[in-house]
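Each chain, letter by letter, is given below.
Number of protein chains: 2
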Amino acid sequence: MILSALITSVAINLGLCLLFFTLYSILRKQPSNITVYVPRLVAEGQVKEGGHFNLERLLPTAGWVKQAWGPSEEEFLSNSGLDAFVFMRMFIFSLKVFAFGGIIGMFILLPINYMGSQLSDESDFQHKSLDSFSVSNVNNGSNRLWIHFSAAYVFTGVVCYLLYYEYWYISSKRIACFYSSKPQPHQFTLLVRGIPVPPGSTCDDIVERFFLEYHPSTYLSHSVVRQSHKLRSLITDADNLYKRLTHLKHKNDAPKRQTRDGCCGLFGCKVDAVDHYERRLGDIEDNVRTEQSSLAAKEVRAAFVSFKTRFGAAIALHIQESVNPTEWITEKAPEPHDVYWPFFTVSFIRRWISKLVVFVACTTLTVLFLIPVAIVQGLANLDQLETWFPFLKGLLRLSVVSQVITGYLPSLILQLFLSFVPPIMIMLSSLQGYISWSQIQKSACTKVLWFTIWNIFFANVLSGSALYRVNVFLEPKEIPRILGEAVPSQASFFIAYVVTSGWTTIASELFQLTKLISNFISRIFCRNSDDNFEPPSIPYHSEIPRIRLFGLLGVTYFILAPLILPFLLIYFCLGYIVFRNQLLKVYVPKFETGGEFWPTVHNSTIFSLVLMQIIAIGIFGLKKLPLASGLTLPLPILTLLFNEYCQKRFFPIFKDYPAECLIKKDRADPNEHNMSEFYDKLANAYDDPSMKPMKYSQRSDSHSSPLLHSSE
Amino acid sequence: MILSALITSVAINLGLCLLFFTLYSILRKQPSNITVYVPRLVAEGQVKEGGHFNLERLLPTAGWVKQAWGPSEEEFLSNSGLDAFVFMRMFIFSLKVFAFGGIIGMFILLPINYMGSQLSDESDFQHKSLDSFSVSNVNNGSNRLWIHFSAAYVFTGVVCYLLYYEYWYISSKRIACFYSSKPQPHQFTLLVRGIPVPPGSTCDDIVERFFLEYHPSTYLSHSVVRQSHKLRSLITDADNLYKRLTHLKHKNDAPKRQTRDGCCGLFGCKVDAVDHYERRLGDIEDNVRTEQSSLAAKEVRAAFVSFKTRFGAAIALHIQESVNPTEWITEKAPEPHDVYWPFFTVSFIRRWISKLVVFVACTTLTVLFLIPVAIVQGLANLDQLETWFPFLKGLLRLSVVSQVITGYLPSLILQLFLSFVPPIMIMLSSLQGYISWSQIQKSACTKVLWFTIWNIFFANVLSGSALYRVNVFLEPKEIPRILGEAVPSQASFFIAYVVTSGWTTIASELFQLTKLISNFISRIFCRNSDDNFEPPSIPYHSEIPRIRLFGLLGVTYFILAPLILPFLLIYFCLGYIVFRNQLLKVYVPKFETGGEFWPTVHNSTIFSLVLMQIIAIGIFGLKKLPLASGLTLPLPILTLLFNEYCQKRFFPIFKDYPAECLIKKDRADPNEHNMSEFYDKLANAYDDPSMKPMKYSQRSDSHSSPLLHSSE
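One line per chain: the protein sequences are A and B, in this order.
Position one of the first sequence corresponds to residue 1 (the UniProt record's numbering), numbered consecutively onward.
Position one of the second sequence corresponds to residue 1 (the UniProt record's numbering), numbered consecutively onward.
Everything hinted at is true.
Derived Cβ-Cβ restraints for the label pairs, each shown as a range:
1) A:Ser354 x B:Trp168: 16 to 26 Å
2) A:Pro689 x B:Ile175: 33 to 43 Å
3) A:Asn684 x B:Leu640: 38 to 48 Å
Below are the BS3-like pairs computed for lysine-lysine, each with C-alpha atoms no more than 30 Å apart in a straight line:
4) B:Lys332 x A:Lys655
5) B:Lys308 x A:Lys308
6) B:Lys230 x B:Lys243
7) B:Lys332 x A:Lys648
8) B:Lys173 x B:Lys648
9) B:Lys308 x B:Lys298
10) A:Lys665 x B:Lys332
11) B:Lys655 x A:Lys308
12) B:Lys692 x B:Lys681
13) A:Lys681 x A:Lys173
14) B:Lys332 x A:Lys664
15) B:Lys332 x B:Lys355
16) B:Lys648 x A:Lys648
17) A:Lys243 x A:Lys590
18) A:Lys655 x B:Lys308
19) B:Lys648 x B:Lys664
20) B:Lys692 x B:Lys308
21) A:Lys298 x B:Lys648
22) B:Lys477 x A:Lys355
No lab work stands behind these hints, which were simulated from the structure alone.
Note that the Cβ used here is the ideal one computed from N, Cα and C, for glycine as well.
Taking the hints into account, I'd like the entire structure generated from these sequences.
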């Protein structure tokens with residue numbers, strides 16, 4: 001890629017971003033778009049539809065930037081929760097790292113690279129290849145490489161310091177949030193699995209007897225989990241039918257209210273649709289009631305057990321209960337609304353096997369995904385396109401077209417393929433036997449992260465020169481050399497990737513094009529769409545890996561091609577302000593893990609650092625400076641030791657709260673809250689939502705207002 | 001190696017064994033040898049010196065075999081403790097495995113190997129190379145290899161079943177032993193390290209305040225650890241001096257009692273030795289008392305904290321105490337007499353660093369040790385010897401000499417080198433910051449095990465064909481092929497190794513040659529040697545790795561050269577009876593880990609199985625049967641999954657006792673034992689032994705009998 005192509009790409013994308021931002025600043029002020037641009041405020045009742053038309057509504061303004069920038073960290077934390085706070089700290093951390101890296105890279109490394117003559121690129125400045133700005137241009141054996149060597153050490157040191165500070169800061173916030181939290185059911189509750197039920201007894205009795213025997217002073221209550229697959233699908237049917245019914249009742253045109261009572265509404269005699277649906281709803285309700293009454297017998301060998309104190313729950317959590325470690329397995333309960341009911345695999349063996357199966361499936365997916373990526377790689381190559389589609393030759397030789405294709409198209413197609421991955425990973429994680437949405441998202445986040453690193457970074461780096469080098473990782477000794485050869489040659493691809501994919505995703509995150517369109521359509525075709533309105537929550541499992549990938553690119557290319565850093569800085573600046581806006585106005589926090597996403601961010605940064613260092617070892621070797629190569633060897637070891645220390649120093653805080661905190665909080669409770677009232681609520685907090693009585697049809701005895709189960 | 005050389009070697013070693021056994025059966029009946037052959041019974045007061053001479057004492061009898069065989073498993077367990085029981089189960093397990101393997105190997109695999117013609121060894125039966133009995137002799141691509149393939153699957157299945165049964169059996173014994181144990185101080189006590197002491201406070205106060213605050217209902221008492229290096233060396237001096245003094249007083253010849261009071265007793269004027277030593281002892285005692293009184297100030301930031309119940313201690317152990325996980329670190333206390341006082345590294349960072357340093361040192365030792373092994377390999381090779389020492393050519397060509405050299409010498413030299421390793425590993429483990437002898441031995445046991453496997457098995461296998469293949473393990477894809485080539489070619493070396501090294505160590509373990517000689521010498525030169533008599537304890541860290549190496553050889557060569565199995569069976573039979581004898585009569589259990597050595601045995605067996613399977617993959621590939629090679633691939637995966645399951649199912653029981661056991665035991669205590677008396681003892685159980693008052697010289701005020709510190 002030459003400099004002018006990069007400039008074209010930057011110009012196009014800057015233009016696109018500006019366009020998106022301008023459109024956003026206008027559209028966000030239109031009252032009809034409030035469910036797209038401020039759904040959180042709508043859900044919280046802070047914004048109402050309506051308002052008079054005035055001219056200001058059509059002018060682009062930057063007021064939203066000020067609003068997003070405005071709240072202090074403390075305000076943001078109390079407003080959006082610790083998870084969102086950690087998400088924003090990720091941007092702040094990246095900004096700090098790349099501001100430092102950018103200064104060193106642009107003012108020290110870049111001039112040195114450019115002064116080299118290894119590539120003997122004699123073209124004028126505008127047509128210079130981007131490789132002239134990368135380490136490839138430094139002459140072999142040149143002593144200037146020692147500056148790169150020092151930069152690697154200094155950069156690693158600074159990043160490690162920042163990582164340590166950030167881990168410390170977030171863990172202290174986590175503890176502070178715990179101290180300031182109200183008593184919550186999940187703090188007092190455990191999920192117990194693998195309950196050994198002898199024939200003739202019920203799970204209910206066994207659990208009660210066991211905990212009264214071994215935890216008499218702290219045990220409070222329990223609710224046994226029941227097999228409610230069938231019931232849940234019946235309730236979903238009822239929900240859907242009820243929605244259709246209300247929708248029909250709102251319409252006034254009688255002819256449309258008729259339907260046929262046969263198969264798919266196509267055959268049979270014509271009947272009144274409302275009557276027909278009401279009858280069916282009544283039938284389903286009867287079924288639900290029968291099912292609910294028979295459910296008591298369908299016990300699963302698992303129960304939510306609540307304790308009187310947090311410390312009591314922690315004791316039962318941490319000490320192996322039974323002589324057989326595969327029985328009475330305890331784990332922390334999620335928040336009641338966070339429980340993932342559908343897949344409650346129970347036996348120890350079954351969960352273990354499903355974990356293995358998911359592991360294999362996930363690895364297979366990650367490896368097989370290389371095939372579409374290879375096609376994308378083909379498209380990125382202009383010569384290849386000309387051979388494939390000879391009739392396009394004339395068109396492809398137009399400089400604008402060729403620049404668009406080399407600069408923009410490949411990453412767009414890649415993006416499309418990648419959008420399917422997060423839902424698949426969520427599905428795999430849910431099969432793994434996690435019991436809450438937050439855990440599923442956390443696990444999917446790690447899966448997507450590795451997927452992204454492998455399929456975007458490594459696949460591009462290694463297939464750029466040879467796809468069949470995938471088995472590089474089976475020859476550990478060769479890794480530095482191969483990466484040292486392959487990674488710098490892909491520098492221009494990744495610079496273009498940051499500019500196109502990076503900037504555009506940020507802009508489209510703000511603009512929410514798909515939601516805007518679907519909102520527009522639904523407003524035209526069905527008027528009462530607000531009934532179904534539910535504010536979205538941020539999909540951490542797809543956002544964090546995407547952002548971390550850019551972090552990885554920055555760290556890896558810091559030495560090789562520092563030209564990438566200014567573009568990354570812009571990306572993180574935009575990201576900071578846009579996501580702050582979105583977290584304040586769009587996304588509603590659906591669960592609270594207490595910042596448990598941070599260790600993932602930390603680990604991925606360590607991985608990037610080690611990767612950068614391994615590539616540096618390879619580069620110094622290739623550049624005929626074996627001494628520098630050898631002296632870089634301690635760097636990854638030191639980095640891994642630093643990581644080991646951080647894991648020992650901070651990770652336990654993210655796994656569980658220490659005794660000190662639990663006991664202090666337990667003692668403060670009775671002074672601050674009405675505990676007996678809380679205990680009453682706690683006893684029923686973990687009942688299966690499908691067990692609650694349903695009251696849709698008029699046939700039900702009590703004529704209370706209909707309850708929507710799905711929103712509970 | 002040819003068949004007749006093997007037969008010679010077997011004959012020599014059988015002869016040696018018989019000789020040792022005969023000598024033992026005579027010598028053990030001599031009253032003067034009781035401290036060599038039944039020290040445990042002497043220490044327990046069951047055997048007294050003396051008795052009349054009769055002819056029977058000079059006749060070899062096998063009564064000891066009957067005595068060793070006699071006790072049932074339960075009797076043996078209650079007599080020698082769970083650790084010794086686990087040690088014997090290792091033999092029983094190996095016997096089961098190799099009895100099954102031996103039947104399949106000798107009656108199915110061996111005939112098939114012998115029927116092959118790959119090696120085209122045309123010599124007569126007596127001069128046939130041992131390789132004719134190994135898998136190397138099976139023709140390439142022969143379908144008979146499918147029998148080897150099935151044997152690998154069946155053998156793995158049987159070994160896994162036996163492993164599972166054994167793990168289950170030993171864990172149930174562990175729980176049973178816990179239930180039947182008396183209240184012991186270490187069950188109620190934790191060691192707390194990393195106590196944060198603010199300036200102006202003492203560790204003593206801080207510990208008391210912390211545990212009264214957070215564990216008020218279960219906290220009993222604590223004793224802070226103090227820096228007593230100097231005190232301990234003073235006490236050792238005093239002990240030695242006191243011994244010399246008593247020795248002198250027993251002698252009656254006056255001239256010898258004079259010594260010179262100058263440097264090293266060589267200069268200065270002559271003085272009476274007893275007076276001189278008594279004066280010095282008095283001085284040291286004064287120093288000890290000064291040191292003891294100043295010790296209170298030399299607090300280390302660690303303390304032994306005792307609790308009222310076992311469950312209370314478990315709570316404090318399992319739940320992270322402080323917000324900072326590097327402070328208030330708890331670990332289980334060892335038995336009071338098992339505490340290793342000298343090296344009480346305290347700060348979290350220092351212990352972590354010393355662990356890293358020890359890891360590096362241990363790896364370096366393991367790798368550098370290859371050099372002497374290479375020399376041993378050279379000696380094992382007759383041609384090499386002739387080129388090195390041409391003048392020996394005539395001697396070396398004598399068939400007896402050459403057979404002794406190939407059959408016996410190499411493993412003897414190896415043995416000598418290896419005898420230095422266990423003490424070095426013990427030293428390294430003690431530097432690692434373990435707080436008890438039992439933990440140090442357990443850690444050293446693992447270190448020695450890996451050392452043995454690497455330096456005996458791999459070094460011989462890989463240097464036999466090429467020493468420089470050590471870096472095989474950096475090319476994972478090549479491992480099966482290289483091992484498949486190298487391992488079978490060393491079969492005859494290892495058969496000889498079992499016969500020479502294996503059988504001889506067992507016989508010499510029984511005969512205790514060095515102790516016999518030193519006992520003989522001390523009886524002649526100093527009469528009152530009984531004062532220093534201390535019964536030995538079994539060195540698990542050197543015995544378990546040695547025995548496991550033979551297990552590894554048997555499993556690995558089961559398919560390749562089944563001829564090794566009968567010799568191994570003899571080894572394990574002898575070992576069973578000899579070690580049973582030794583554990584009942586010679587070794588005193590010095591600590592009780594509750595069978596925690598078993599997981600090491602389990603893991604090493606799994607490692608052997610996987611190694612066998614990887615070699616099988618390589619062999620089938622080399623023998624041009626790629627289908628069998630491919631179909632063997634699932635076997636190591638299944639084995640590792642089985643191991644994973646066992647770790648989940650049984651390992652937690654070996655780490656800690658479950659809540660169920662702890663609570664049941666706590667509740668049974670007050671009915672069965674006088675707990676207040678026990679609590680009184682508990683409060684002082686973990687005081688530093690060097691803090692106890694010493695009463696050697698006549699100058700001390702109370703004229704009580706002298707106490708030997710070293711035996712406390």
